[in-house]
Structures are given as C-alpha cells and as structure tokens.
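A.B. asks: Listed here are the chains, written in short residue letters.
Protein chains: 2
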Amino acid sequence: MEPSRLEQQIKFILEIDKLKTVLRQTWLVDGSRRENDAEHSWHLALMVMILAEHFPGLDILKTLKMVLVHDLVEIDAGDTYAYDREANKDKDAREHAAAQRLFSLLPGDQQAEIDALWREFEALRTREAICGAVIDRLQPFLLNISADGRIWREHGVTSAHVIWRNQITLDQGPKVIADYILAQIKEAESRHFFAAD
Amino acid sequence: MEPSRLEQQIKFILEIDKLKTVLRQTWLVDGSRRENDAEHSWHLALMVMILAEHFPGLDILKTLKMVLVHDLVEIDAGDTYAYDREANKDKDAREHAAAQRLFSLLPGDQQAEIDALWREFEALRTREAICGAVIDRLQPFLLNISADGRIWREHGVTSAHVIWRNQITLDQGPKVIADYILAQIKEAESRHFFAAD
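In order, the protein sequences belong to chains G and F. When we follow the working numbering, the leftmost residue of the first sequence carries the number 454, and every step to the right adds one. When we follow the working numbering, the leftmost residue of the second sequence carries the number 454, and every step to the right adds one.
Treat the hints with care, since some could be wrong.
Computed list of lysine-lysine pairs in DSS-like fashion (alpha-carbon distance at most 25 Å, straight line) [what the hints assert, rightly or not]:
no.	chain 1	residue 1	chain 2	residue 2
1	F	LYS639	G	LYS464
2	G	LYS628	F	LYS464
3	F	LYS628	G	LYS471
4	G	LYS544	G	LYS471
5	F	LYS471	F	LYS544
6	G	LYS639	G	LYS628
7	F	LYS464	F	LYS542
8	F	LYS515	F	LYS628
9	G	LYS464	G	LYS515
10	G	LYS471	G	LYS515
11	F	LYS515	G	LYS515
12	F	LYS628	G	LYS464
13	F	LYS628	F	LYS639
14	G	LYS515	G	LYS628
15	F	LYS471	F	LYS515
16	F	LYS464	G	LYS639
Because the hints were derived from the structure by calculation, they are not lab data.
Whole structure, please, built from the sequences with the hints as guidance.
C.D. replies: Below, the structure written as structure tokens:
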C-alpha cells in the first residue's frame, strides 16, 4: 500500500530530528557546549521575528520558512565552518545530494516547496534571502562576541575574516545592523578577541 | 543614554540563548540524549509548515510565531513534565513571572506582541492555538514512539495518560491526525511501551 500523505510527512518529521545532532563551531552564550543546527535555526527564526522591522518590505512568513529549513541539508553534508576554505570547495555538491535525499521523503508538492525555499536562500538574491543571510551571520557573531571570541582565537580568525564573512550585511543589510557590527568589531579588536593578521 | 531599539532587541536575543539549556523529558530519535526546548521549538515550527494543510483556514505566520515563543518562559520557570501533576500546580504563576521578566527586555510594542502570542497559545481558544497545541503534543508522542516508549515506562505513564494528554487532538484536531495517534497507541500497547494501568 502507498504511504498516505500524513505517513510521508511524519517520516520526514522524524528524519529531520537528526539536525539536533549536527554540531556547529559556535559556543552557547553560557560557554557550556557547542550549538547544534536545530537550536541555531530556532534562534534565527526568533531573530527574524524580532528584527524584521529593519528590513523594509520583507515577507516575514517566507523568511521564517527559509531559515527553518536552511540547514537541513547538513544532516547528510555536515556543518562546514564558514572560515574553512578547503571544506567549502565541495560543499555545494554534498549539499545538493542531501537536498535530493531528504526533501524527497515528502509528498512531491512539498518536496518542491522546501527545495525552492532552500535554493532561494542559497542564491542570495531576494530580499528574504538577504535578510536570512544577514541574520545567519549576525547570530554566531553575537554568540562569539559573548564568548569573548573564543572560537575565533581557536581557529586563528582575524577581524578581516569576520568583516569578509559579514560583507553582505555591510553591502546590502540594514545600516543600523552594519554600524552595530562594525562598532562591535572595533571593540572586540581592542579586547584582542581575534587572531593577529 | 537610553539603549537603542536594536540594543534592546539584541539583549533579548542573547538572553533567550538560555532556552537551549532547558532540558525536556523526551529523548532524541537516536536515543543519544534528551531534547532541549530550543530544538523542540524548531521541530514544532517545521511541523507547522509541513502539517498546515490538515488545519483549514490556519494563519500559518501567527502559528509559527506562537510555537517559536511558546516555551520561552521555561528559561526561568523550567520545563514541567506534562504527566507530573504536582509540579503543574504552580506552573502558571512561575510562567507569568517569567513572561514579565523576559519579554520586558524588548521595546514595549514588541513585549506586547510576544506576550499576546504566548497568552493566546496558552488560552487554547483560537484555531492557531489549537494547531500549536496539537503539534506540541504530537511531537513528543512521535519521538516517544520512536524510542519504544522509553520515557513512558521510566515515568510509569499508561496509555490512558497518553490519551488524556492528546485529548485536544481527539476532540478538536484534524481527524487524520487523531486516527493516526489512536492507531499508534494501539500498536504501542501491543508492544508494551506503556506502564500497566
């Protein structure tokens, strides 16, 4: 017997539980352990709710959906640290294979919807994708500042790297957030949170 | 100097990082550890996206916002296990105090919005609150079934308790989900996932 729509949906819902076991580099604010992709995605969604006013004309529902699904492919492809240039080389191929396997657990129309959301997020062209990207970079930035730059120093990340990572915010993000980031970087430099150039 | 709106928002965003350290009773599907409130909230939001079609007339954006914020009060009040009748007695007072402290970190208009979403979720009267409640009960149910009822047996939870906990789904939820739950309970009974009556 063909599985019903609900059975297909529940299979997907149980499969994506694995996102809770994909660890990121970022430490929690309390320093107790590293963050995982599922709680990171929750944090981004809350940030979209709270910071939406700084992104005029934003489709909030679409942005929320995007940030909720944007890391699902890491269930198979793993988290690729933003500052690891070697691992970023085959990231696209690994993530596209993951999208195919995971999203195809869903009924066809929903597979297409989630796949389109993920591709739009990755392509970084729409207002919603840019908001998602700004917030996806701001969240670990805030956590890293709270942790006195622990992960930056561990990985030899310089302030120039962090500026490069937040370039989309500086170029296309809200001025108030760009200014905040630049001020925080300046302050962090004076407190030696970064590796030396 | 008064903190800017963005500074108030960022203070709140960093404070709610603590939701990642509030542990629930439910085990992850892979059995490696218990789930925390932040990843649970992410899972609910994804479920709202995937299961919305079973809730006619649903305001999806409002439902997503509700499930994203519904557990924030547990940062101060802790997670109260649904089947612990003693701890549930002063749950309301603890959670209202938490809502006051946490949400007041935000600018006034946003404090009011989040507080209203949380109260609507708790009051269980609107279509969106009922959807949130159905999914908030379905998620641990699915994880507990996947874990062969480990937590139910640990806590002496009977199948009658589980039916009581999912009563809102049976009374006001989509028939297809109610039928699914009843069928799964029957199957779980035959596999001895529950404590004896």
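A.B. asks: Evaluate each hint against the coordinates.
C.D. replies: Hint by hint, here is what the structure shows:
no., hint, in the structure
1, LYS639(F) - LYS464(G), "19 Å, holds"
2, LYS628(G) - LYS464(F), "19 Å, holds"
3, LYS628(F) - LYS471(G), "28 Å, violated"
4, LYS544(G) - LYS471(G), "19 Å, holds"
5, LYS471(F) - LYS544(F), "19 Å, holds"
6, LYS639(G) - LYS628(G), "16 Å, holds"
7, LYS464(F) - LYS542(F), "31 Å, violated"
8, LYS515(F) - LYS628(F), "22 Å, holds"
9, LYS464(G) - LYS515(G), "24 Å, holds"
10, LYS471(G) - LYS515(G), "23 Å, holds"
11, LYS515(F) - LYS515(G), "13 Å, holds"
12, LYS628(F) - LYS464(G), "19 Å, holds"
13, LYS628(F) - LYS639(F), "16 Å, holds"
14, LYS515(G) - LYS628(G), "22 Å, holds"
15, LYS471(F) - LYS515(F), "23 Å, holds"
16, LYS464(F) - LYS639(G), "19 Å, holds"
Hint compliance for this structure: hints 3 and 7 are not met, and every other hint is.
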